[in-house]
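**Student:** Sequence:
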Amino acid sequence: MPRVDDDTEALPPIAALFLVVFDKKIGYKLSWQRSISDTQLEGVVEYKSLPSGLHNVKEDLVYFTHDDYAGISAFASQAADESDRNAHFLAVGVLVPLSYGRLGRAWLHAQGLRELASTCSEGESHQARLEAYWQKCGVKTAAEELRVAALEEPSSPLAVKPADLKKKRRSRALSDAAGFSVREHVLSPDHPALSMPDFLDTFGPLIFPLYRAALLRKRVLLLGSAPIQRSCDFVYGLSIFSNLPPSLVDAVPAPPSLRRVRPLFNVGIHDIAELSAKAPSNSDSSEGWIACTTDDILSTKRSLFDVLVHLPSQPGQWPTVTTSDGNRVLATQRDLRRYNALRKELMRSRRLRDRDSTYQDEPEDEAVQSSDTLHVPEDDDTNPLMQSITSLIPEATESSPPAVENEAQVVEPASWASIAYGSFLWWASAGERSLAEEEEKMQDASLIEDLVSTTSTHSATKSRRRGSSARRRKRSSATSLTRLILNAADDDEPPESLPVEEKQQMSMILIAYFHRLTTLLLSGLGDVVNSEEDEAGDGRVDDDTEIQLTAEEVRRLGLDVWSAADARFISDESYFTYGQDEESPVDHDIHFRPGLGTDGSETYTPRTVIYDLKGAFGTLRQENALYQLSNPDDATQQGQWPGQAQVLQQPRIPPSEYQRHLDEGLEPPPLTTSSVRYWSDYNRVFYHPKSIVQLHEYELNSSLLPFERWSTGQELFSNLDREHDLVDKDLRPFLEECDQLQGVQMITSIDDAWGGFATSYMERIRDELGKTSLWAWGSEDGSRKSRASLKERQLLDTANTVQSVAALTESASLFMPLTTLPTLASYISAFEAASKWHTSALQLSALETLTLPTRLRLDQSSRSTFSDMESLLSNSGTRRLASLSFSASSSSFTSPNGATTNGNHDPRLRTTNGTAQEEDSDPTNLADLDMTFLPSTPSPSPRRRRDQTFSTVLSLRGMFKSSLEIDDLNQSSRDRFSSAAADGVRLSVHQSPLLLNLPSSFPQIFGFGRGKEERIAVQAGLRTGAEVGGWVRGLEGGLRGVGMEEREGVREVLMGIAGEYEGDSEEEDDDDD
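Residue numbers (this note's numbering): 1 to 1073.
Be aware that one or more of the hints could be misleading.
Claimed, not checked - So the derived label-pair ranges between C-beta atoms look like this: (1) Trp679 <-> Arg328: 52 to 60 Å; (2) Glu59 <-> Asp201: 34 to 42 Å; (3) Ala273 <-> Leu666: 26 to 34 Å; (4) Pro999 <-> Asp868: 40 to 48 Å; (5) Ser702 <-> Leu964: 28 to 36 Å; (6) Asp296 <-> Leu30: 34 to 42 Å.
Keep in mind the hints are simulated off the structure, nothing from the lab.
Glycine included, each C-beta is placed from N, C-alpha and C at the ideal position.
Kindly generate the complete structure, drawing on both the sequences and the hints.
**Tutor:** Here it is in structure tokens:
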């Protein structure tokens, strides 16, 4: 497995470094410090770094927060003479800006701080060492630029996403937590997330009521004794468990402070004033926090907290959880059953791992069998109907964990009502379980089963060649918890590396488990509230409306029907508001995948794989704010070279000013063509490391080894695929996360070597996915064609395009050629054809709009699929090539009636090009759209044909037509008596009120005379018609650049494609007027 080496993992820059010592005369003293300007240290860090009771331990690690910084300090104690009270203790700490991730990734400094603390405590000259550490890790940016997001804000702009609460969620696996093998993201040994298994063992069933308190954003205070690192780790774990998963963030329209509970970590007497200021004015306004302390006096200040947790000082004891009014908090009976089921699965996984046995699926009935059922002896008439029980947990067996010790201290006793009801049902049903019991057991089991997505391992990365039975065998998209643990290590891994990795695996499992539990609870409440809104008639429920839940609804929320505590939990849940108006019509899960970063923070990254040449990614790296990777190329880890290695490294490309401002949480400056060097300069998205694939064989813009010829790309793919099996290695991890794969889109250039690479890749995907929709968008550089001085390059480009079109049209289910230089509409201003930033923005405005219907939710009337569009465009033929057209309008000109909204208007008018036009100009006619992306050809078609259209798919962003008009247009295409049907024309129109957003990274190429537009109305259409056939015939002139051996085969394919678009249209003579 990869090793964690702090030297190879980038340390987050620090805003302050300090040394705190205890002086017997004056107490805590800030002995040495370095910091950026305007950062207060004195009077703060001394007390946060040295909590009470540390004099009883030799060393400790303390986490805390201070303003916009996360702090970490390493405490060390050494024996001293009697004048120093027989001990000399100190702490060395740092402050890290929170912009570098959750807790600022401060734990990466833990080992370095321990070494500094040890050096200082031994009386050595330490100032030089401290100064060297500051010079190495101190930030190089002004303090005012580091004042970034507050602690409760997401650590990345992609940590939130919308979701649909009215639909049943699919049961996801480790994609709830981390979609790929954690083997390549090994956490630092000091990472607080590694304590999560200990958290579970320490709290037992109490972990569930504590989690619900944090979910309600209560103020939770953990009271324990030194060492305090364990308590700080528990604060971190509870904050992660109770954060809203990405799939719920937008669906729960609460303030950002309620989406994430705020971890304060260590607090003390000097923080009482600050904690008092955080006290809520009413019970519904608390933002909530989680903290730990060693100062007993804080437990007497009951106005400071809502829930107090007394951590035991002796092993083998349970924590005590009370509310601020002194009431004891206990786990419910269902919590106990759920806890035992979770323990059983984890215990079985560890037992199988210890045996080092090969994974096999458990029998289905055993997998479903849960430890949460009441065992009643069968066929034993001597047993009484009412058994003497206080718990509904079965006795321990060989395959189940032992009963919870001192259960009565942490679990509510089973109520007499539940015992009587259960016994009556047993008697009335002749010993059969009730349906409610079965449903509850299945629901709790579903939280565990298939908890983890398929995990790739090093040993599993093997080359499976084309045609092998293994490739065609159906891969499961999920695996059991047991398989996750067994796959965590290969036989050749050193034993000492297993505990850290096992803890990491267990932590990921627990995070996914609690996030799934949160989704079950809140989505269920959303369904209840939405049902109440539907029954209200006007679609709304007043804030003071009382909603009653049935026992069945409570059970479906994952709560205990018989528990008064769970009933209070539901009533306290009122600050979560659900509304149909906030629901996005777009299902973002189609293009994005939820997961967890290496620090446990939620992520939401695109389902994409990006291939590019060496140097083409610019400043983009596999490692980012969400994922920090160990160095896979370290020769000492690979064991490839025992001798001394000389590292040759090109200088890193400095980030653009735009990217630097984004990283620091500041408003980015405007982009210009001069400031954009690479596409990563205007990128605003974080990618999963597996999404970034750099091809080292060729370098960007290399004159020695240019990546220009179609055959070069084909050969490169063949070599890489032979070595790695690119589909298995790069694409399959994303495919296996999809429950219902709708299709795959490929965007590539077709007039250079990428055309050859893409066509070979598409053929491989077709072999794997069979009849799945495969769309290819092929871009051609129009600016090179317009330059007469590049005749030789133009001939090469045309030959590449010809071969790409012939191959992609056969392997893809739909192929759309795109030029970077269409005939521009009048409202396209300041457009630079040589700027790929400009050309890609224009192309993707049309592409994104055209595919919008495929991303809409199932309840949207304009929703469509790739397969539906393909079928319509083919129109009973084998037409796989379509042309893309596009128009844009100012957002201020569109309305639900399709007319202008800037004052007096005529309902007969609509808008295109930002100006009103007569209604006769129909937006469903692609001839009315302003720009077509069909590239030019080397020579025009020798036969001109009338403009015949076979099929049209149109997507409208903006209300150009009423819903009735849209329905009429679509119906007319299906009506065999309509004029369109008589002409054999098929039409499909999809309209959404969502306008196209233009982020700050978008170039200002749309000018409607109103300044910078933030969103615009867009029309985009795909068409199969005679002009497509004419374009294909025009490519015949580029065949002279194709080799003699392939020329006739390519010509035959092209003429076959063109023939599909000729139909019965009449030819026109060239001399026609």
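**Student:** Quick one: are Pro999 and Asp868 within 40 to 48 Å, going by C-beta?
**Tutor:** Taking Cβ atoms as reference, Pro999 and Asp868 lie about 30 Å apart, which means the hint is violated.
**Student:** Kindly confirm whether 34 to 42 Å is satisfied by the beta carbon distance between Glu59 and Asp201.
**Tutor:** violated (23 Å)
**Student:** Quick one: are Trp679 and Arg328 within 52 to 60 Å, going by C-beta?
**Tutor:** holds (59 Å)
**Student:** Assuming the hint says 26 to 34 Å, is it satisfied by the Cβ distance from Ala273 to Leu666 or not?
**Tutor:** holds (31 Å)
**Student:** Could one say that the CB atoms of Asp296 and Leu30 fall in the range 34 to 42 Å?
**Tutor:** violated (26 Å)
**Student:** Does the Cβ distance between Ser702 and Leu964 fall inside 28 to 36 Å?
**Tutor:** violated (58 Å)
Checked against the numbered hints above, the structure breaks hints 2, 4, 5, 6 and satisfies the rest.
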